[in-house]
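On the provided structure of chain A, position chains B, C and D as indicated by the hints.
Order-wise, the sequence lines are chains A, B, C and D. FYI, our numbering numbers position 218 of the first sequence as 302, with every residue one higher than the one before it. FYI, our numbering numbers position 95 of the second sequence as 179, with every residue one higher than the one before it. FYI, our numbering numbers position 124 of the third sequence as 208, with every residue one higher than the one before it. FYI, our numbering numbers position 61 of the fourth sequence as 145, with every residue one higher than the one before it.
Warning: the hint list may mix true and false statements.
Copies of the same chain look alike in the list, so a pair counts if it works inside one copy or between any two.
Unchecked claim - Straight-line Cα separation of at most 25 Å, DMTMM-like style, residue types lysine to aspartate or glutamate; simulated pairs: (1) K246 with D283; (2) K94 with D196; (3) K246 with E123; (4) K94 with E175.
Source of the hints: derived by calculation from the structure; they are not laboratory data.
There are 4 protein chains.
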Amino acid sequence: MRLRITCNLKFEIVVPTPFILMLRPRSGSQQWIERQEYELTPSTAVSEFTDNYGNLCQRITAQEGLFSIATTSEVVTTEYSDQNFGAHFVEIQNLPDSILSYLLPSRYCESDCFNDLAVTITQGQLPGYNQVSAITEWMRATISYLPGSNNEPLSAVQVNHKRYGVCRDFAHLGIALCRSLSIPARIVVGYLYNLQPMDMHAWFEAYIGNRWYTFDATQLGSQGGYVILGLGRDAADVAVFNQFGPSVFPYEQLVKVERIAEF
Amino acid sequence: MRLRITCNLKFEIVVPTPFILMLRPRSGSQQWIERQEYELTPSTAVSEFTDNYGNLCQRITAQEGLFSIATTSEVVTTEYSDQNFGAHFVEIQNLPDSILSYLLPSRYCESDCFNDLAVTITQGQLPGYNQVSAITEWMRATISYLPGSNNEPLSAVQVNHKRYGVCRDFAHLGIALCRSLSIPARIVVGYLYNLQPMDMHAWFEAYIGNRWYTFDATQLGSQGGYVILGLGRDAADVAVFNQFGPSVFPYEQLVKVERIAEF
Amino acid sequence: MRLRITCNLKFEIVVPTPFILMLRPRSGSQQWIERQEYELTPSTAVSEFTDNYGNLCQRITAQEGLFSIATTSEVVTTEYSDQNFGAHFVEIQNLPDSILSYLLPSRYCESDCFNDLAVTITQGQLPGYNQVSAITEWMRATISYLPGSNNEPLSAVQVNHKRYGVCRDFAHLGIALCRSLSIPARIVVGYLYNLQPMDMHAWFEAYIGNRWYTFDATQLGSQGGYVILGLGRDAADVAVFNQFGPSVFPYEQLVKVERIAEF
Amino acid sequence: MRLRITCNLKFEIVVPTPFILMLRPRSGSQQWIERQEYELTPSTAVSEFTDNYGNLCQRITAQEGLFSIATTSEVVTTEYSDQNFGAHFVEIQNLPDSILSYLLPSRYCESDCFNDLAVTITQGQLPGYNQVSAITEWMRATISYLPGSNNEPLSAVQVNHKRYGVCRDFAHLGIALCRSLSIPARIVVGYLYNLQPMDMHAWFEAYIGNRWYTFDATQLGSQGGYVILGLGRDAADVAVFNQFGPSVFPYEQLVKVERIAEF
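So that you can see chain A by itself, here it is in the shape it has in the complex (with noise of 0.2 Å):
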């Protein structure tokens, strides 16, 4: 299907203030960048650079005032999401070695707590794709999509107490009982048609017979429709605006995804 994305960013910037942007979608093996557009108000110096991840990134410092950012891209991505039940969980000495860091815990995915839960919760499974859709499909019965509900990101740890969260503690979760159970995992942010209430979204991905796989478990069924920003080991690594200095959030956050024709 092919999506229109506009993403619309106010801020009010009161000290100058650097910020690393990840909002650039890239082409990559599932979607397809046809048109793309990304203005700073006032016009900025930006360098760009491409993290460890492969996501490109873009380095400004805001100066005081209003500033905006405007992006708009048109992109071709899948229908449907693959799923693929008895996809088989790949041993550790057979995974690339460019996939192991998935493997480790990170800031907030603490995969080194959750062993216990994840064996539970995955009693009876086949060793791969199933385990993971039993995860999904427990955080779906057991933990309350609530969104706007937190801020800030949240740890597994702290998510899994709460039992409510947005959807990226839904995917530190969903991460962190994939790794404890050796199965690597990480967070994609990004857009996703049809999401309601409409914003930026994120989900995780698991690898699991030789290639990764899209998990969303604030979402039923197996539609597709996802547009990838960025993606990483959790929200550490890909925020979509890192600032640094004191908190500057905006005041307007414009998220829109429209389906437009194939041709």
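This is chains B, C and D only, laid out in the frame that chain A set:
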């Protein structure tokens, strides 16, 4: 300055043909990509990756029949190229690790064959920027710039023998001469505002005084308006389309670079 | 100074167990590896790769039975750690791209929770080296160094609460405090000459005045004799042995660091 | 098999000379480094980095006077080189991103000039391993192996014209022929047990059936005993010593490879 660039390529494909394209400019320290369009007709599966030099590369397999690539970019780039007479030669032991490979000979830049010539050309020059400037002047005086004269890349040795060439040939010769003096140098391919006749363009950069500087012996003065598509050791690394199997050339190649209003 | 290091680990393996080891020191700007031995008994297939931080990692699967790792290194390292009071804080916008990830919170360094404490500790200090020095002094005065007290890694929040810990705990707390002030910081694991009691060791580095400096709150003075095995964001990245499946601890872990003659 | 390798180089340095050395073998999928010594006399500051190909490179500046490098390694390597007639050609669109650059022409491997010859040589062969095997056989039959005949690297075109050469020349020609058929190929430099006369050695690898295979037209049969020091696109990338400024050659170069007991 702000530039709008259109680059359209049309091919007639006889057998399914794998391509690696380098047609998506990326933001860097010298340019900011504000708008970008990239359309393949017919619509074709693409995967995109970042190569060793940081270039975005698009992998596709074009199917039989007409195949066209249409790209548009709006880019903020500098009005003037930085010049810096006197900028000092960086001793090899002080070069960053990541720069060292730009000292080595490469397919089209046989720097191992040019030391005598380079020493002659740069006689009496301060080591660094002034040497590269002398090399550029020497090429302007010695090699005739004949756009369209050579279809296939020539190596620096061949260019030096022929005494005429296209922009890419000048870049190869300049690079070989610089490297033979232990000055790191690399090719850049992209677009140039006001290029006559308009087409894709190639020039080179040399690493002096701890940064890269732009040199272009096919042009006079220090105008800016350069837009980078890719960079690497020489044309072997940065073909804007690298195609495998029986040769395919575009039957139409349209490049347009217009200046547009700042806002 | 020249050091000879012996590190032997012995395990009793009950089920075939994948390990990722980080026991081969590599030469860098601060150390030169002159001699190195690395033996696995029984002889075992190994593949080695370089991780995102440049560490050499050895992948093996240990089979049932006794399994031992014996390593020896002879290393030239510095007699004193560089100190540089007054070295300046590097503004975020001036940090190299590759350093930025050392500003982010990580599994055991919840830098997002420490800003108030860090500001208090470094009150009145010049931004940069002096701040990190104040943090180190504060830890020396406040946290008790109790080798052997904690088996599992603690996070900075936990260490700050417990008020005692092992070398790794000091490193995590120091790193979290630095990052909360936007000073890049990373953990180092390795060996230290004259450590009491002798064992593996961990400390941290902070990026100030455009380079990394060594800090170690568990030691007094500025002695050198540090030998680096691995570095990363925190202990999650640089386990000297990372083992998957049911926990296995070495039943014998012998570390010896002797000074040997220069020649 | 276990091999002990000694490689000693002695230079007389007239002006301070920067070197980049590639004399520290690293463990990989085909070899395990058990013991290693690396001594510079006089003792010299070294920094070590990993290049784009994963090779460990040592940077030094040798001062005036005698300068010697003494290295010893004990390495476990395979008794036989894998052969795999029938292993299939990998379609370009299926090659991993990281392999693609081994399809491009490079300084000493002008693969763009060899398609006709390669097609002739491999007439009737199954695409893949059998083609590379035919190329190797053709070189054995056509090019005379004359150790010591060429001091400077020759390019594949030159080797094909001269009809004799050293091991490196064979590697360059084999690589150029493979790449001209869209088979990724790379040079390897290192040591070979029982090489006559004993010296450093070079051979090549081709990527077939989703992995790299070893080919060496200077040797008969499929003996193993290869120890890798470095790999890259051609000799420009993997000089075991790359030296800048006025040429310096070792006045003594001693290589010894002995088989030692397994334990």
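Hint by hint, here is what the structure shows:
In this assembly of identical chains, the alpha carbons of K246 and D283 lie at most 25 Å apart only when taken from the same copy (22 Å versus 40 Å across copies). Taking the shortest Cα distances, K94 and D196 sit within 25 Å of each other only across copies (23 Å), while inside one copy they are farther apart (39 Å). In this assembly of identical chains, the alpha carbons of K246 and E123 never lie at most 25 Å apart, being 39 Å within a copy and 46 Å across copies at closest. Taking the shortest Cα distances, K94 and E175 sit within 25 Å of each other only across copies (24 Å), while inside one copy they are farther apart (46 Å).
Of the numbered hints stated above, the single one contradicted by the structure is hint 3.
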